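Enquirer: All chains, please: the whole structure from these sequences, using the hints.
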Amino acid sequence: MRISVEINGREYEGEVEPRTLLSDFIRHTAGLTGTKVGCEQGVCGACTVQLDGEAVRSCLMLAVQARGRALRTVEGLAGEGGMHPLQRAFHEAHALQCGFCTPGFLMSMEAFLREHPHASDEDLREALAGNLCRCTGYLGIVEAVEQAARELRGD
Amino acid sequence: MKPPPFEYEAPSSVEEALPLLGLDSTVLAGGQSLVPLLNLRLAQPELIVDINGIAELDYIRAEDGTLRIGAMTRQVTLERSELVKERWPLLSKAIGLVGHAQIRSRGTVGGSVAHADPAAELPVALTALGARFHLRSPGGTRPVDAADFFLGPLYTVREPDELLVEVEVPEPIDGAGSGFAEHARTHGDFATAGAAAIMAPGVHAAVVLLGAGPMPVRAEAAERALTGGAEPREAAALSAQDVEDEHRRALCTELARRAIEEAMA
Amino acid sequence: MKLVGRPVRRREDERILRGRTRYLDDIDPPGAAHVAFARSPFAHARIGGVEVPAPSAGVLAVITAADIDGRVTDLPVQGFEGGEVSAEGHPVLARDEVRYAGQPVAAVLAESRALAEDAAELVEIDYEPLDPVLEARASEVTMSRWHRVSGDVDGAFAAAAHVVRASHQLPRLAPVPMEPRGAIASYDEAGDMLTVWVSAQDSHRQLAGLAKVLDRPEESIHVIVPDVGGAFGSKGAPAPETMLVAAAAMATGRTVKWTEDREENFVASYQGRGMEADVELALDEDATILAIRARIWADLGGYLMPTTAIPTHTTAMLMCGVYDVQAADVEVVGRRTNKVPTGPYRGAGRPEAAYFVECTVDVAARELGIDPLELRRRNLIREFPYRTALGWTYDSGDYARCLDRAVELVKPERHSDEERVVGTGFGMYVERAGGQFETAEAELLPNGKLLVRSGSSPHGQGHDTTFAQVAAERFRVGLEDVELRFGDSKEVPRGVGTFASRSVAMGGSAVLQAVDALKEQCDAVSARLGGNPSLRDIAKAEPRLKASARFESDLVFSSGAYGAVVEIERATGRLRVLRIAAIDDAGTIVNPLLAEGQVIGGVAQGLGECLVEEAAYDEQGNPTFASFVGYSLLTAAEMPPVLAAFVESPSPLNPLGAKGIGEGGSIGTPASVANAVADALGGVRVDPPFTEDKLWRALRQETA
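Chains as they are written, first to last, in numbering that gives the first Met the number 0: chain B, 0 to 154; chain E, 0 to 264; chain V, 0 to 703.
Honestly, the hints are just simulated from the structure, not real lab data.
None of the values given here were measured: they were computed from a predicted structure.
Even for Gly, the Cβ is constructed at its ideal location relative to N, Cα and C.
Misleading hints may appear alongside valid ones.
Stated by the list, open to error - Stretch-level coverage of chain V by chain B, calculated; a stretch enters the list once three of its residues show a Cβ under 8 Å from a Cβ in chain B:
id, segment
1, 11 to 18
2, 228 to 238
3, 446 to 460
Unchecked claim - If you only want the chain B side, here are some residues facing chain E, beta carbon under 8 Å, derived:
id, residue
4, V63
5, S107
6, S119
7, D120
8, E121
9, A128
10, V141
Expert: Structure below.
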């Protein structure tokens, strides 16, 4: 079947089977490889994108389910004015090493901070638990998210 | 892994969906439980009936004091509901513990109930609340009490030609407090044990354990003891008394104690 | 301008943050055929025959061992000095036997991965299941062995005032890089050039492995390592699947792509640890350690992968730990079991040695009634270089200072009440790093910028920034004027690769030497030109100035001391690590920000080992860890504060004075946490993972 999905404000069209996963549509049909696939079980979070602003696991959606919907991926996170405060904070705090998990963290936490601008440090930690990282040991990521939260609040 | 091939239908109403249900078809709601099974090829349905387009099943409303939740209500919608937070706080507590935000944004209330994972929080909370589940088939609708609905791990009374359409939660008991405690290896992982408790001192007590048996079961001995004025510790021990493994029994007892104390606070 | 020692932020970051990376699966060659493997469901079985399914749409080929017979050999096996290692390697595809569940038996090539998986399910393999052997001690097949006796060990034990015995067991671990493995191969028949993209720790070992297994000259193979999403040792040795992909590309003329999925990565990627040891210490009246005896069994799995035996040798060689003990009798046997092979996984033998030694030292302290810190202090090596009884020479160190800093930073705590117990423990380590050689080439580009090609290969460590710091400082230019190249066998000089915490000590030193040599050349041209020529002028006057370096060195030895404070909840047995102090001596630290990142990452893996990780097989030899349901990783919510600090005792063996920092966190953490848990349990010893079940029972044992 032929489907059309809006990603980062642009329409992407392609041929899919019902069983085609959204993660594969984004990466191999739309060619937006910034979103990564780490498990196809919904646990690692590397495939996290935003559907109508909500963070979702793209490996747990069928491509056909995104027909006519609007997605945002990491390629759409930076704006005209440069990188998003989260991206800048990740860089500053050395919150990435191999980088494979990074897009998933960015898309998860951008949604979370938008929804919970005044989240406590404990809430931030728990929100971070939805993405796995094997390289950093997380402490740099925690620092980055705390920093970004402060900046987004205008503290 | 990639899913095996399947036929796919996406009805936009319950009427359209019903004729598609049967032994060879599987309902796709939030997908947070089903799609991992497809991806691991542990499920190989011939037909997937995707009910995400059935808007009529997405609602939360209070009618005559009773809470009615459409089966396709996203877990995050339940989480954000001020109505539920205020009047059925046990549900808010339980839903916040389900997986992670990214799971709750797609996962549904009905899906969690119908899937009946023994590690799931919602079936436990709904059992404690005395909920009722409405099953619709071409022959009509039948209500099933939560206490009778779950038969075992991933196994319920729902027939293949039935669709879970609504979760009904009775009016909360005056002055009742609630508590939910659980334990998982890491944050957001499947719960290994847990407990839900509702207490209106001297009037009503509900205690349901997660992970103490093949499905959520009300710990009736503990409930009677609590209504009779027993201390949380005592009641908690009663609730887990049938758990064979020593450590597991201690764990369930401790979680039940915490849930009961929270309900009494 | 001084750059070495500065916490420079990474140049690599922006393209990662913007999603502009290219890991293996991001590469989509048009018309590629996709591979799925039919893998053994049995831990041990004979194969009677393989029946391939009838041809179907989209399926291009089904390949079995018979089809590649004569085109490939088994994978090579690396031995070690002073011991015996079997030469029998891992077959590319199983022939008449499978020895672990998950072993690849047949490969299906199809137009898509989904179609390949469909067809793989239809491959009929006639298995005759056999009883699996699942315990190293019970196995009758020894695949590697090493034994050294040095000094009068028997005499020391006979004369000892105290003999302390302890046994320890470390279960297998899965490396779980966030990016699983993968390879793409393409064969140009006209030019007889095989090109292989592979998610790997370096191009060199992949190239050597492909040349050997496919029996091709190395010049006819081009290996490209793209962005790599972590490895931790698991992508060092070439994989049988990579060999199959290459052979398939040559046989079919199609470009062939294999992306490992997470299930495959769990069951078929070689695992770490899996060792147990009986350790004995002989001590005299004043707690001086006179001798060490150790018998170590390694659960190696069904086959020797190229580097399976190496960690066993490393463990054995480090069994005197940080102590001045000149009598040792250490034997390690590697036994065959019906599980996936083991191999190097972050620490690769060093954490095992640290665990076995440090836990036994704490047992000794308790038996002798002496403070564990005091026992350590009385026995620490204090002068360097120090030649150990087992044969290595520790080049540098300051063990006493590391221990003092660990005590200072962890703030020991001990407490017991109705609800919880709190304990403190320490673990010290010394580890071998560096060694062999590494290469680099430095070129002056026409625009006056510096191009450095390195034999090291990054997979998250930040080599691009770290090496640029070294090069820019030596060449006296800004960081922005330095470009690094890694990972492409046609673009970088043949080197050794990235593993064993060797990149800064070896790769960084090679970069330094190449840049210094280039600078000399540039200075000579500058002097000839007179005036104050810019680098651009120099490049114009003398185009293609280039220098290469091959830096060779003996092993360097990093060391450290870790402290842990833990709390155990009595009601449930739940363990909470309250804080970790991580003191590492990796010599000169080029970039402290990145170095600390390595420490914390290693600590997280060490804590995972302590709290939740175990790659367990059931009684039939089936993996219980085929998905994240059966194998947990820690999340951000579980990480305790980590107080990391460096002690810098520079190595005399390289111009940077560097040792290695990549593995310390995973080496020191388990020993310190194990000792803290034992401290909280009043001396009851438990092996990892420290599950609630074990700790709850141990607490009852302790109070009983």
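Enquirer: Give me the numbers of the hints this structure contradicts, sorted from smallest to largest.
Expert: 6, 7, 8, 10
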